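S.K.: Input sequences plus hints: build the corresponding full structure.
Number of protein chains: 2
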Amino acid sequence: MTTEVSNQDLMLTLGRAARAAARLLALAPAAQKNEALTAMAAKIRRSAADILSENRRDLEAAQGKNLKASFIDRLTLNDARVEDMAKGLEDIAALPDPVGEVIAKWTRPNGLVFSRVRVPIGVIGIVYESRPNVTADAGGLCLKSGNAAILRGGSDGFHSSAAIIACLQRGLDAAGLPRTAIQMVPTADRACVGMMLDGLDGTIDLIVPRGGKSLVARVQQDARVPVFSHLEGICHVYVDKAADIEMARKVVLNAKMRRTGVCGAAETILIDKAGAERLLKPIVSTLIDAGCAVRGDQAVQAADTRVIAATEADWGTEYLDAIVAMKLVDGVGEAMAHIARHGSQHTESIITEDTATAERFLNEVDSAIVLHNASTQFADGGEFGFGAEIGIATGKLHARGPVGVEQLTTFKYQVRGAGQIRP
Amino acid sequence: MTTEVSNQDLMLTLGRAARAAARLLALAPAAQKNEALTAMAAKIRRSAADILSENRRDLEAAQGKNLKASFIDRLTLNDARVEDMAKGLEDIAALPDPVGEVIAKWTRPNGLVFSRVRVPIGVIGIVYESRPNVTADAGGLCLKSGNAAILRGGSDGFHSSAAIIACLQRGLDAAGLPRTAIQMVPTADRACVGMMLDGLDGTIDLIVPRGGKSLVARVQQDARVPVFSHLEGICHVYVDKAADIEMARKVVLNAKMRRTGVCGAAETILIDKAGAERLLKPIVSTLIDAGCAVRGDQAVQAADTRVIAATEADWGTEYLDAIVAMKLVDGVGEAMAHIARHGSQHTESIITEDTATAERFLNEVDSAIVLHNASTQFADGGEFGFGAEIGIATGKLHARGPVGVEQLTTFKYQVRGAGQIRP
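Sequences listed follow chains X and U, in order. Counting in our numbering, the first sequence runs from 34 upward without gaps. Counting in our numbering, the second sequence runs from 34 upward without gaps.
Don't read these hints as lab results, they were simulated from the structure. Remember, predicted model here, so these are calculated numbers, not experimental data. Glycine included, every Cβ here is placed at the ideal spot set by N, Cα and C. Heads up, some of the hints might be wrong.
[Stated by the list, open to error] Here are the simulated DSS-like pairs of lysine-lysine, each with C-alpha atoms no more than 30 Å apart in a straight line:
| id | chain 1 | residue 1 | chain 2 | residue 2 |
| --- | --- | --- | --- | --- |
| 1 | U | 283 | X | 138 |
| 2 | U | 283 | U | 314 |
| 3 | U | 138 | X | 138 |
| 4 | X | 283 | U | 138 |
| 5 | X | 314 | X | 274 |
| 6 | X | 306 | X | 283 |
| 7 | U | 274 | X | 138 |
[Unchecked claim] Here chain X is said to cover these stretches of chain U; the calculated rule only asks that three of the stretch's residues, wherever they fall, bring their Cβ under 8 Å from a Cβ of chain X:
| id | segment |
| --- | --- |
| 8 | 396-403 |
| 9 | 431-443 |
M.R.: Have a look at this one:
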């Protein structure tokens, strides 16, 4: 009980310090923030040995815990990954500064001049799992967008994150910015996550979870402040009867197999019944030959003996693996109905040479990202030209799709007058 | 228990119907939505006698309840208020349609063409109190922005709202749009509000409360879906030492007294100590002579014997009445610190001839609306040029400031390719 109370005090102190830092950050010139980012990168490079040694402490502690190999891989740092962190911070420094941009400006008949000006959101809480590099990425993106960050990483990466945070704070120092601009929750007490999701007494404006489905589900369920997140990416490719078969094979293969573990990877392929004779076999065999397991309806099973039967659950499963669900649909209408029922409003693509059908799909499908004749794996802030991203949001408000530095800002109205009063 | 379960079923049916209607509305052409709005207005005019008769039922039922005169006034309809509703719907029809607007468009080096396109949010729940005209305003704004609406008005206005909803649904009919585009919760059971705040099993995307502080506080506290709202408008005018005295008197008087019951009315006046000798007396006497009670610190009390002493609570009070709190501050810095501590991030104004001081105030004050040399009463969607508004939001995400039809939309990305795959 004493610990709980004192951790609550500690968290509130953290929150108030972040709020105070956010006020300063909101006014910090672009050059000062970029100076900090560059200094952080340099400090990370100089501290590589320390960071790797702290990472070994985490890895040794993790060994007794019977964790999955993929988890250990995400936790593991090496020289290349440390360099990637440093380079990532330099890339963020090189992005245009979003703060202060005049998004719109107009004059009313009474002479009042209205400006809609981009400003930081305030304080952003990042809740993540074992990947230590999220510490640097998220801290850097928040700083660039003028927001203070409170980072709470998984306890398994505690020492690695602490070593990285120390570098980030040295960078802040070097640029004359407060260390409290990027803070780390200094305890593994899980109750601290709950406090963050409650908004830390009004000091946290936004939560961004980074991690697996169970983490995101918990954050979405419990957060009392806005959340930018996606629970899953059940992305679809619909191959229309008017598709070019070579393009369809190439795009489907890329959408599914380029990287199977990313949220923009396709999980379900829908094939237009009217074009199945021409399209089905080559697409199925292309996927299977590339090492992908195909689970299909009866028609898809009939196309290749290596296809196994899909169950109802397959249409709502995010495999994140070399597995795909595939079925025939009766044209773009049934494809869109299937997507509306089973999709996650993340990313969907149509392959067709018929522009009218493509435009219908682009207009009617209610997902953050809809593509025509392109791979779903373009669902990525970098591919959009946003520079780095902190994740992809499938919520409808404020940020939808890739969340880059611009999406980490909001706006206010500045109104300039000459003594106007309202009649 | 049986009633509760059946009301839950009823609400879920309402939610699913709204979701289905939203899919159609999202694709409805501007002309069809405008036809519905115009038909609604005509039907309201033709049904004026019915609406007023249903309103009398509500008023008679309210008489036994010992309600405040202001409450009864808000509940009361008359010919002029019915005509205002009809005219309001025609004004909404005349606004530009926000849906489908291409907000941004760019091409990447790989030839992919990205468009950020404005789309409706989906289903909006409106929770309001006794003003029957909110039914028409909110229904019309949601329709224009392509969203389905679920309206839940106070039980005291039930019959009035039902009569208005009937007109709105006849207008939807006339334009070939589903009646389920604007639905009313058909029971006074308060548990239904709770179900809406929970999001009705994922069928409600956004809640907009319209009413007093206790309603808004409950919605903000309990809602599990995003909310556009402001709890209160504790708006400040800071009169700088470099203010023009005539402008300051005129703007302060308007900001406080034009209408005292609106959220953009000023509640606290801060006077720069360095200019007090010139500024304080005329401003205080202007307000008191106009019938405003002034509560001040010692210096303000010394300026006029009619000033009464302010207590600490006055700095955080939204009077919504002919009362103002006033104190001296040590320049723009202390003024901004006072606003950060006591304000509600709604609307603040600075009066000064010193552009540098004004720009500092406009940049540093973290409120939805900041003005220079203009009345805080311009905090209104109509004055911004947005046409009708559904309210003012002080939250930082998505909609900040006046919420008009544009703020009731979101966006998605359409990406047009020629077979691009991600390397």
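S.K.: All the hints need checking, so say for each whether the structure fits it.
M.R.: Results for each hint:
1. 283(U) to 138(X): holds (26 Å)
2. 283(U) to 314(U): Since the Cα atoms of residue 283(U) and residue 314(U) sit roughly 14 Å apart, the hinted pair holds (cutoff 30 Å).
3. 138(U) to 138(X): holds (20 Å)
4. 283(X) to 138(U): Answer holds: residue 283(X) to residue 138(U) is near 26 Å, not above 30 Å.
5. 314(X) to 274(X): holds (14 Å)
6. 306(X) to 283(X): Distance ~20 Å between residue 306(X) and residue 283(X) Cα, so the pair holds.
7. 274(U) to 138(X): holds (29 Å)
8. 396-403: It holds, with 7 qualifying residues against the three required.
9. 431-443: holds (count 4)
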